[in-house]
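K.L.:
Sequence:
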Amino acid sequence: MTGLGAGPGGRPFLFGSNPSFADLVAGSAPDAPGSPPPVQSHGEQPAATYSHGTTVLALKYADGVIMAGDRRAVEGFTIADERIEKVFPADEHSAVAIAGAAGQATEIVRLFQTELEHYEKVEGERLSMEGKANRLAQMIRGNFPMALQGLVVVPLFGGFDERRAEGRLFRYDVTGGRWEEADYHSTGSGSLHARGTLKKGWRRGLERTAAVQLAVEALYDASQEDVATGGPNPLRGIYPSVKAMTAAGVEIVPEDEVRAAFQTIVGETHEGVVGGGSQAKEDPD
Numbered sequence: 000m001t002g003l004g005a006g007p008g009g010r011p012f013l014f015g016s017n018p019s020f021a022d023l024v025a026g027s028a029p030d031a032p033g034s035p036p037p038v039q040s041h042g043e044q045p046a047a048t049y050s051h052g053t054t055v056l057a058l059k060y061a062d063g064v065i066m067a068g069d070r071r072a073v074e075g076f077t078i079a080d081e082r083i084e085k086v087f088p089a090d091e092h093s094a095v096a097i098a099g100a101a102g103q104a105t106e107i108v109r110l111f112q113t114e115l116e117h118y119e120k121v122e123g124e125r126l127s128m129e130g131k132a133n134r135l136a137q138m139i140r141g142n143f144p145m146a147l148q149g150l151v152v153v154p155l156f157g158g159f160d161e162r163r164a165e166g167r168l169f170r171y172d173v174t175g176g177r178w179e180e181a182d183y184h185s186t187g188s189g190s191l192h193a194r195g196t197l198k199k200g201w202r203r204g205l206e207r208t209a210a211v212q213l214a215v216e217a218l219y220d221a222s223q224e225d226v227a228t229g230g231p232n233p234l235r236g237i238y239p240s241v242k243a244m245t246a247a248g249v250e251i252v253p254e255d256e257v258r259a260a261f262q263t264i265v266g267e268t269h270e271g272v273v274g275g276g277s278q279a280k281e282d283p284d
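Following numbering that gives the first Met the number 0, the numbering of the sequence shown begins with 0 at its first residue and continues without gaps.
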């Protein structure tokens, strides 16, 4: 093991000065849960059925970043869960939204959260926004053997950069490639449809109410075109999970605020429409 510090007799300390928690785990217990197994031969796919998270998005607004995700997970053509959480705080000022293999993605997020906390304890300061984005990219790259077996994880990462005093947003690909987005982005099965709505409605300096409404509208539009994306369900009280990241930290947007945004969208979109479709009301005369 390297970077752990030398103990008596030249043996490394189990918990040394290495600020990377993931490296400590890999060095001391390479077979621990969360460590990717070797790639199966001949491109074999895992036999077990697994839950797949679908559409998440993020956009910048006046005070920082809004991040949102639908609540549906699917297993093939079956709905596995209608209340799954896809947007997680990474630390006090940043969050991660997951798309892909739900179980694998959740484990990566938990390790990432621990990684940031461990770094702060060892170094005495928070990792920079750039450093956080790079560390998550390394974790996604480490998941590549699992991605080759079908367990793909493609997250979004965003937050408020205290050093620059602005919101920042990063997207990733399956190989761990990392790019910073200037305005907004979406990923997952319904991302193309969500991105179309974001492109049409986003503008610089959006206030929070407008930003939340745009995020909810983008997910709603995606749910109308993509069967794996779950739309708001007022009858069951299911609404997208939305988080805001500002200078004050990560805040869960209250369900009442998300519900109000959805009701506004429905009122504007479906006024004068029969059954939520595109056919106009017929004149009774």
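Among the hints, erroneous ones may be present.
Stated by the list, open to error - Simulated restraints, written as ranges between beta carbons of each label pair:
| # | residue 1 | residue 2 | range |
| --- | --- | --- | --- |
| 1 | L191 | Q262 | 35 to 43 Å |
| 2 | E91 | Q137 | 31 to 39 Å |
| 3 | R162 | D255 | 17 to 25 Å |
| 4 | T263 | E124 | 40 to 48 Å |
| 5 | K199 | G266 | 15 to 23 Å |
| 6 | Q148 | I78 | 19 to 27 Å |
| 7 | E161 | P253 | 23 to 31 Å |
| 8 | Q137 | E206 | 20 to 28 Å |
What the hints assert, rightly or not - Calculated lysine to aspartate or glutamate pairs in the DMTMM-like style (CA-CA distance at most 25 Å, straight line):
| # | residue 1 | residue 2 |
| --- | --- | --- |
| 9 | K199 | E179 |
| 10 | K199 | E161 |
| 11 | K198 | D182 |
| 12 | K120 | D90 |
| 13 | K198 | E180 |
| 14 | K199 | D90 |
| 15 | K120 | D182 |
| 16 | K199 | E116 |
| 17 | K198 | E179 |
| 18 | K198 | D160 |
| 19 | K199 | D182 |
| 20 | K120 | D80 |
Calculated from the structure, these hints are not laboratory results. Note that the coordinates shown come from a computational prediction; the quantities given were computed from them, not determined experimentally. Glycine included, each C-beta is placed from N, C-alpha and C at the ideal position.
K.L.:
Return the numbers of the hints above that this structure violates; sort them in rising order.
P.N.:
Violated: hints 1, 2, 3, 8, 10, 14, 15, 16, 20.
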